[in-house]
Amino acid sequence: MANISSTFLGIKSPNPFWLASAPPTDKKYNVLRAFEAGWGGVVWKTLGSQVKNVSSRYSAVDYGGQRVMGLNNIELISDRPLDINLKEIRECVRLFPDRAMVVSLMADNDKQSWHELIKKVEDTGAHGFELNFGCPHGMTERGMGASVGQDPEIARMVVEWVMEAATLPVITKLTPNVHSVVPTGRAVVEAGTHALSLINTIQSITGVDLDTLVPNPYVDGKSVFGGYCGPAVKPIALKMLTTIAQDELTRKVPISGIGGVSTWKDAVEFMLLGASNVQVCTAAMKHGFRIVEDMIEGLTNWMDEKGYKTLDDFIGRSVNTITHWEDLDINYHHIAKINQDKCIHCGLCYIACEDTSHQSIRLDYGNPYNTYTIIEDECVGCNLCKLVCPVNDCITMEVHRKGEEYINWKEYQRRGLPLNDH
Amino acid sequence: MISNNRLSKEEYEQNFTDIHPPFETKEAALVEANRCLFCYDAPCTKICPTGINVPKFIKQITTDNIKGSAHTIFLSNIMGAGCSKVCPVEKLCEGSCVFNLMDEPPIPIAKLQRYSTEMAMEKKWPLFKRKPSAGKKVAVVGAGPAGLSCAHVLAREGVDVTIYEKESEGGGLMTYGIAAYKVTPDFCEDEVNYILSIGGIGIKYNQVLGKDISLSGLQKEFDAVFLGIGVGLARQLEIPGEELDGVVDAISFIYQLRNEGFSKVPVGDRVAVIGMGMTAIDAATQAKRLGAKEVTMLYRRTKDEMPCTQHELDIAMLDGCMIEWLAAPKELKGQDGKVTQIVCDIMQLGEPDASGRRAPVATGETFALEVDMVIKAAGQMPFGELVLSQNLQHSNSKIKVSGSATSIKGVFAGGDCVNGGKEVVDAVQAGKDGAGAILNYLKLK
Numbered sequence: 218m219a220n221i222s223s224t225f226l227g228i229k230s231p232n233p234f235w236l237a238s239a240p241p242t243d244k245k246y247n248v249l250r251a252f253e254a255g256w257g258g259v260v261w262k263t264l265g266s267q268v269k270n271v272s273s274r275y276s277a278v279d280y281g282g283q284r285v286m287g288l289n290n291i292e293l294i295s296d297r298p299l300d301i302n303l304k305e306i307r308e309c310v311r312l313f314p315d316r317a318m319v320v321s322l323m324a325d326n327d328k329q330s331w332h333e334l335i336k337k338v339e340d341t342g343a344h345g346f347e348l349n350f351g352c353p354h355g356m357t358e359r360g361m362g363a364s365v366g367q368d369p370e371i372a373r374m375v376v377e378w379v380m381e382a383a384t385l386p387v388i389t390k391l392t393p394n395v396h397s398v399v400p401t402g403r404a405v406v407e408a409g410t411h412a413l414s415l416i417n418t419i420q421s422i423t424g425v426d427l428d429t430l431v432p433n434p435y436v437d438g439k440s441v442f443g444g445y446c447g448p449a450v451k452p453i454a455l456k457m458l459t460t461i462a463q464d465e466l467t468r469k470v471p472i473s474g475i476g477g478v479s480t481w482k483d484a485v486e487f488m489l490l491g492a493s494n495v496q497v498c499t500a501a502m503k504h505g506f507r508i509v510e511d512m513i514e515g516l517t518n519w520m521d522e523k524g525y526k527t528l529d530d531f532i533g534r535s536v537n538t539i540t541h542w543e544d545l546d547i548n549y550h551h552i553a554k555i556n557q558d559k560c561i562h563c564g565l566c567y568i569a570c571e572d573t574s575h576q577s578i579r580l581d582y583g584n585p586y587n588t589y590t591i592i593e594d595e596c597v598g599c600n601l602c603k604l605v606c607p608v609n610d611c612i613t614m615e616v617h618r619k620g621e622e623y624i625n626w627k628e629y630q631r632r633g634l635p636l637n638d639h
Numbered sequence: 251m252i253s254n255n256r257l258s259k260e261e262y263e264q265n266f267t268d269i270h271p272p273f274e275t276k277e278a279a280l281v282e283a284n285r286c287l288f289c290y291d292a293p294c295t296k297i298c299p300t301g302i303n304v305p306k307f308i309k310q311i312t313t314d315n316i317k318g319s320a321h322t323i324f325l326s327n328i329m330g331a332g333c334s335k336v337c338p339v340e341k342l343c344e345g346s347c348v349f350n351l352m353d354e355p356p357i358p359i360a361k362l363q364r365y366s367t368e369m370a371m372e373k374k375w376p377l378f379k380r381k382p383s384a385g386k387k388v389a390v391v392g393a394g395p396a397g398l399s400c401a402h403v404l405a406r407e408g409v410d411v412t413i414y415e416k417e418s419e420g421g422g423l424m425t426y427g428i429a430a431y432k433v434t435p436d437f438c439e440d441e442v443n444y445i446l447s448i449g450g451i452g453i454k455y456n457q458v459l460g461k462d463i464s465l466s467g468l469q470k471e472f473d474a475v476f477l478g479i480g481v482g483l484a485r486q487l488e489i490p491g492e493e494l495d496g497v498v499d500a501i502s503f504i505y506q507l508r509n510e511g512f513s514k515v516p517v518g519d520r521v522a523v524i525g526m527g528m529t530a531i532d533a534a535t536q537a538k539r540l541g542a543k544e545v546t547m548l549y550r551r552t553k554d555e556m557p558c559t560q561h562e563l564d565i566a567m568l569d570g571c572m573i574e575w576l577a578a579p580k581e582l583k584g585q586d587g588k589v590t591q592i593v594c595d596i597m598q599l600g601e602p603d604a605s606g607r608r609a610p611v612a613t614g615e616t617f618a619l620e621v622d623m624v625i626k627a628a629g630q631m632p633f634g635e636l637v638l639s640q641n642l643q644h645s646n647s648k649i650k651v652s653g654s655a656t657s658i659k660g661v662f663a664g665g666d667c668v669n670g671g672k673e674v675v676d677a678v679q680a681g682k683d684g685a686g687a688i689l690n691y692l693k694l695k
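For the protein sequence lines, the chains are A and B, in the order given.
Residues 218 to 639 in our numbering are what the first sequence lists, from first letter to last.
Residues 251 to 695 in our numbering are what the second sequence lists, from first letter to last.
DEER-style ranges, computed between Cβ atoms:
#1 B:Glu574 x A:Ile592: 52 to 58 Å
#2 A:Asp511 x B:Glu574: 54 to 60 Å
#3 A:Asp511 x B:Met352: 23 to 29 Å
#4 A:Met374 x B:Val281: 51 to 57 Å
#5 B:Gln506 x A:Glu571: 51 to 57 Å
#6 B:Phe617 x A:Tyr582: 47 to 53 Å
#7 B:Lys514 x A:Leu580: 53 to 59 Å
No lab work stands behind these hints: they were computed from the structure.
Just so it is clear, CB atoms sit at the ideal spot from N, CA and C, and this is done for glycine as well.
Start from the sequences, fold in the hints, and give me the full structure.
Here's what the structure looks like:
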């Protein structure tokens with residue numbers, strides 16, 4: 218059976234599933250429940266100057282009858298006294314010595330505050346730090362969180378302070394509220410961080426209440442931009458992760474992947490694109506800690522089926538398949554094919570193609586069931602019909618190459634080959 | 251023995267409670283509405299006689315636009331609320347739902363339709379606005395589905411409509427001819443009132459065509475006339491003993507049940523129901539639910555030819571009704587003027603007849619069943635004398651039309667009196683077609 222144990226910066230955990238720094242990890246009670254449920258590690262909710270939170274704190278985007286496709290929050294860092302947090306961290310490490318205990322930090326913006334905080338946390342027996350340079354709400358107004366992560370030079374300076382004092386491994390968590398995560402990633406790697414984690418939450422408004430006309434979440438007639446997370450942000454997180462995994466400098470440090478990981482499949486995707494482990498929050502907040510059971514079993518079964526013995530056998534395997542558009546093969550061409558035995562005649566492929574794509578599906582009226590077939594000469598192979606079809610494998614894409622040889626856009630242009638005539 | 255008041259109040263209530271209960275909550279409706287694929291050129295819409303845009307009204311439930319959803323339904327079918335309870339959806343919209351092709355349960359379209367339309371009726375949403383009066387007057391005879399549907403379309407277009415109804419309430423067979431566990435009298439009254447709330451429609455009850463009013467009189471008084479007089483006469487068996495006490499027709503039986511209250515309707519201990527259409531099912535199940543000990547349905551053909559749907563047959567069978575296929579009544583025997591026995595020919599299927607179904611042929615063998623009540627539900631006949639007396643062209647007493655126009659200029663017809671008896675939803679469409687033809691005739695469109 219596959220071995221899913223994980224080592225991240227020398228920090229061992231029985232599986233690569235950590236809970237991200239967030240409400241689920243803000244006290245001993247939750248963390249012990251998480252460890253009992255089987256989580257490999259936690260990143261303790263961010264410690265710093267004590268703050269005060271508001272009510273309410275979360276709001277969500279529902280979609281197609283499903284709750285919480287995306288979640289946003291306006292909660293700040295831990296609002297519990299530092300002493301209590303430190304005491305509880307120590308107890309959790311003692312009770313579950315085989316699990317990873319990383320502590321998230323966000324000190325006030327001076328060297329001394331960082332050094333004092335680091336010293337206190339090192340005494341707990343925790344295994345590492347994660348620097349919170351990403352929180353997009355509240356703390357930013359005090360010059361912390363994302364306002365550090367959004368400026369590579371400020372981030373570099375803070376990491377330098379941290380590296381002077383820290384004896385434990387240091388992970389720097391990046392904010393996605395930038396046009397690219399790479400500049401800050403490079404700066405903090407140059408400053409000596411041992412690893413990166415990403416993404417933090419994305420600034421957002423989940424919606425506006427159509428009766429009160431106040432956006433969510435509601436705080437006495439007002440709201441603020443909140444940090445967005447959950448399944449909705451996964452595609453953005455995967456893209457940002459890949460840019461870090463591909464950059465010559467940042468790819469030299471391990472990456473902890475975060476952003477909408479809900480299932481073992483999501484976790485595998487993050488790891489294929491360069492994450493050494495993953496951190497989860499929203500899925501646990503929606504369903505509780507029990508979701509880790511299937512994450513462990515699903516990952517193990519998939520690795521067994523594929524013949525991977527350890528996580529390192531597949532981590533990063535997909536990173537190099539993301540290339541530049543101009544390197545794509547223009548001679549590659551595929552065409553949709555509708556399996557008439559599987560077709561349920563819903564017409565969704567037809568109307569999508571007819572109204573919004575290339576008019577490549579033929580409609581033969583029937584009563585009550587129409588017949589839909591692909592007009593191969595018109596099909597550009599865009600996938601839209603396959604994506605909207607409700608039946609698995611009813612529409613497949615069949616390869617019909619335009620030519621044998623690989624030819625990219627630059628070469629295509631150089632040779633003066635014909636462009637589209639419609 | 252035939253007697254009434256066989257059950258307690260609680261038992262009657264339980265037996266006649268709504269057979270297709272509505273969604274209990276908005277969430278329950280949303281779970282099903284969200285399953286809908288929103289098909290293009292959807293089979294459910296194409297197979298609906300009134301062409302309700304089903305994917306649209308279901309989508310509107312998911313976007314919290316129930317008002318829009320109800321409008322979408324009523325625009326095609328002003329009796330969309332009633333149809334959601336009585337339509338044989340398993341052979342129409344739900345039967346054609348593409349989920350059937352995936353061996354998945356279809357979308358519960360009727361239940362969702364009920365969700366939107368009942369909310370509209372309950373909140374009395376005014377979903378249609380009448381155009382200013384067009385200065386034209388139309389008489390509609392019959393306040394059944396065809397007549398009401400026709401009247402509503404005309405009223406929307408600013409026509410002043412007067413409906414003449416022979417009964418004391420509107421709704422036609424919806425009110426008087428459908429099992430009480432499908433629609434209640436209160437619901438039918440609400441539905442009629444909701445339809446009439448658009449304004450511009452006057453309704454006169456207890457007006458029988460040929461007695462209280464005449465077609466020629468209406469023609470003089472109005473710019474056009476629409477006949478939606480339905481069918482009503484039970485087809486006779488034309489066998490010996492039909493006059494015996496205890497032999498009743500299903501339409502009167504159901505009418506009485508709807509009109510007088512459950513405990514007042516007498517029913518036998520051993521009841522035979524003749525026929526296998528929807529009305530036969532309604533009669534058989536309700537006889538059982540009124541307290542009959544034994545109900546046997548007799549049908550001269552087999553299950554393959556039965557006019558009712560499997561779903562309806564299941565209701566009867568779950569109620570404990572027994573079924574005799576290939577049994578044609580030959581003679582009714584009695585004692586002291588009361589029916590005691592029904593003798594049936596045992597049939598076999600021969601060559602296809604005019605309906606395309608294999609015709610039953612007597613084998614020569616018979617069997618007898620001890621009964622004290624016989625309910626005839628072998629189909630309904632048009633009001634033959636009435637049709638003849640108005641000099642309307644007809645075919646077997648069914649009024650002949652060409653695009654809703656009868657043989658008399660300015661007189662239009664639709665629904666059961668034309669087609670011989672179909673579903674409510676067919677009559678609603680016939681009413682719309684009639685209104686369209688009348689608007690053309692009056693040069694209003």
